[in-house]
Amino acid sequence: MHADASVTAPAAPPDFEALRADFPILHQQVNGHPLIYFDNAATSQKPRRVIDALVHYYEHDNANVHRGIHELSNRATAAYEAARVRAARFINAPSADEIVFVNGTTEGINLLASSWGGKFLKAGDEILLLELEHHSNIVPWLLLAGKIGCKLKYVPVEGDTGQVDLAKLDELLTPAVKLFAFPHISNTMGVVNPVHEFVVRAKAVGARTLIDAAQSAGHLVVDVQAIGCDFLVFSGHKILGPTGSGVLFGRRELLDAMPPYQGGGEMISSVDFYTAKWNTVPHKFEAGTPHIAGAIGLAAAMDYLDAVGREHIFRHDQELALRAQRGLEALGDVRIFGPREGRAGLVSFVLGQAHAHDVVTLADQKGIALRGGHHCNQPLHRKLGIKSSARASFYFYNTAAEVDRFLEEMARIQHFFRA
Amino acid sequence: MEPGDLEELYQAVILDHSRKPRNFGELPDATVTVDGDNPTCGDEIHLHVRFGPGGDPLEQVKFTGSGCSICMASASLMTLKINGRSRAEAGALLQDFQGMITGSAPGPAPKTLGDLRLLSGVKKFPQRVKCATLAWHALRGALEGSTGVTTEDGTDTDSEGIAVG
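If you read the protein sequences in the order shown, they are chains G and D.
Using our numbering, read the first sequence as starting at 1 and increasing by one per residue.
Using our numbering, read the second sequence as starting at 1 and increasing by one per residue.
No lab work stands behind these hints, which were simulated from the structure alone.
C-beta: ideal position from N, C-alpha, C; glycine also.
Be aware that a few hints might be false.
[Unchecked claim] With a cut-off of at most 27 Å between alpha-carbon atoms, the simulated DSS-like pairs for lysine-lysine come out as follows:
{"#": "1", "chain 1": "D", "residue 1": "Lys124", "chain 2": "G", "residue 2": "Lys366"}
{"#": "2", "chain 1": "D", "residue 1": "Lys123", "chain 2": "G", "residue 2": "Lys366"}
{"#": "3", "chain 1": "G", "residue 1": "Lys383", "chain 2": "G", "residue 2": "Lys151"}
{"#": "4", "chain 1": "G", "residue 1": "Lys203", "chain 2": "G", "residue 2": "Lys122"}
{"#": "5", "chain 1": "D", "residue 1": "Lys111", "chain 2": "D", "residue 2": "Lys81"}
{"#": "6", "chain 1": "G", "residue 1": "Lys203", "chain 2": "G", "residue 2": "Lys119"}
[Stated by the list, open to error] FRET-style restraints, in silico, Cβ to Cβ:
{"#": "7", "chain 1": "D", "residue 1": "Pro106", "chain 2": "G", "residue 2": "Ala276", "range": "54 to 60 Å"}
{"#": "8", "chain 1": "G", "residue 1": "Asp223", "chain 2": "D", "residue 2": "Thr102", "range": "48 to 54 Å"}
{"#": "9", "chain 1": "G", "residue 1": "Ala226", "chain 2": "D", "residue 2": "Thr102", "range": "50 to 56 Å"}
{"#": "10", "chain 1": "D", "residue 1": "Glu59", "chain 2": "G", "residue 2": "Glu341", "range": "54 to 60 Å"}
{"#": "11", "chain 1": "D", "residue 1": "Gly161", "chain 2": "G", "residue 2": "Ile386", "range": "42 to 48 Å"}
{"#": "12", "chain 1": "D", "residue 1": "Gly25", "chain 2": "G", "residue 2": "Arg412", "range": "28 to 34 Å"}
{"#": "13", "chain 1": "G", "residue 1": "Asp333", "chain 2": "D", "residue 2": "Lys124", "range": "27 to 33 Å"}
{"#": "14", "chain 1": "G", "residue 1": "Ala21", "chain 2": "D", "residue 2": "Glu160", "range": "47 to 53 Å"}
{"#": "15", "chain 1": "D", "residue 1": "Gly145", "chain 2": "G", "residue 2": "Gln262", "range": "31 to 37 Å"}
[What the hints assert, rightly or not] Calculated Cβ distances over 12 Å to all of chain D for the following chain G residues:
{"#": "16", "residue": "Gln29"}
{"#": "17", "residue": "Lys147"}
{"#": "18", "residue": "Ser270"}
Pulled out of the complex, with its shape left as it was, chain G reads as follows:
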């Protein structure tokens, strides 16, 4: 596809089936069957355009950024900084200075916990999270709590649906809460949280807000100004980009007030043997040679996604997830997690008596890639009273026919394990 990056999403949905041709990896046999890749919540596949951007960078422009005076360094720097501008546009950030490149969602949250949390939180302050949280939005805060004595609290979610209990949220959201951090879309439940609503409530008590957009940034339109959040973070590899790329958005005044996360080159304005002065944002947070190729590949991914149109992508995701949900319901004796209406593009489930690992292994024998386990969501699985679940997660290059193949296979596996 050759659509220009700057255009707004096309009015009509694209021919999703035709877009599969852009993804070289999809056209292979796995264990003697056509690959059906349903592990998109773990990582997405990459279109030719992103792969080409990486190859082009290494073949033509590779050099270190912000240092050299030579031509290649100028090109690399220009492409790297253009990627930052592209990322700002992708989430409608007011300025590219509010975009910090990180190696993924996890690093972004660790950066915030260490830098913002380390400076602005003290013993007794509360961090409010949801029971839906991925480990990456729990453990950095646990580490911080161990260091400074702040407290972690969790808003309960409703049983198997994963919906946040709003009454409980209001109860827990007191002025003691200094940060409310939550996922936009739950990677296990597929719940789409009312993020703007959450932010409004947090603001009313003076709490900062952090949104984990790992599951949403590449699937629906994310507009940080409309949402009104203080911080937002996502990974490049889940949105068609390279692994090791990612974005932390922070409002300028907050980033300005934060100390550096790591020390090294690029994050300084001057260094003496016993003193150093920090560079301005966002460079203050990017010590050492960054993942230049990663940022450039990520920009290409954003171009691709916006040419397809994330509104259309989300609708397609939802259609596939609903088809899968209904098909699983029809099998009977399947415990399905997440909301029955309006789920994002994933379905986690327990198939009768079959253990998730067995389901995933047997599906893999037919070329179907699923996730089985706790999906880095151990506390939630514990709450649900299960050790693990199987998960099918979709993207725009998946088809209804693939969902039907998956359902046939689930029926067969269920029968297989029926005593």
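Fit chain D to the known structure of chain G by using the hints.
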């Protein structure tokens, strides 16, 4: 059966043992209980062993816990094999099984492993090796006098961590 196709493997033995695990249950007069943990999937096997006087042989071995079918079948088959065996025999079986399942021992699996050889197909599925070895990690713990093991390092589960208010 030449273990190749995993599905054949499931059909042949694993389903039977995972549905009706042998030696499954508590052992009130156990000398030792080892909690085996597979942190990557949450599966857990508790291995109960009653040693004879002087700590030899393994007079009776039972297990409790939950896991996938490969994990449960491996535990079930293991107890059938080691019940009544001496420490030395159990240790040798443990070594043979590990060698077979990780592929580190060349050639066909030793005949002494009996039905356990049906699990050799698992070595082609690196993600499932831990499932097959969980009960065996627990056995190693019992032989070495440890009460908690994980599939990550085969050592104590009391690793360093964090717990806050």
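Please list, smallest to largest, the hint numbers that this structure does not respect. The structure conflicts with hints 11, 15, 17, although it agrees with all the remaining ones.
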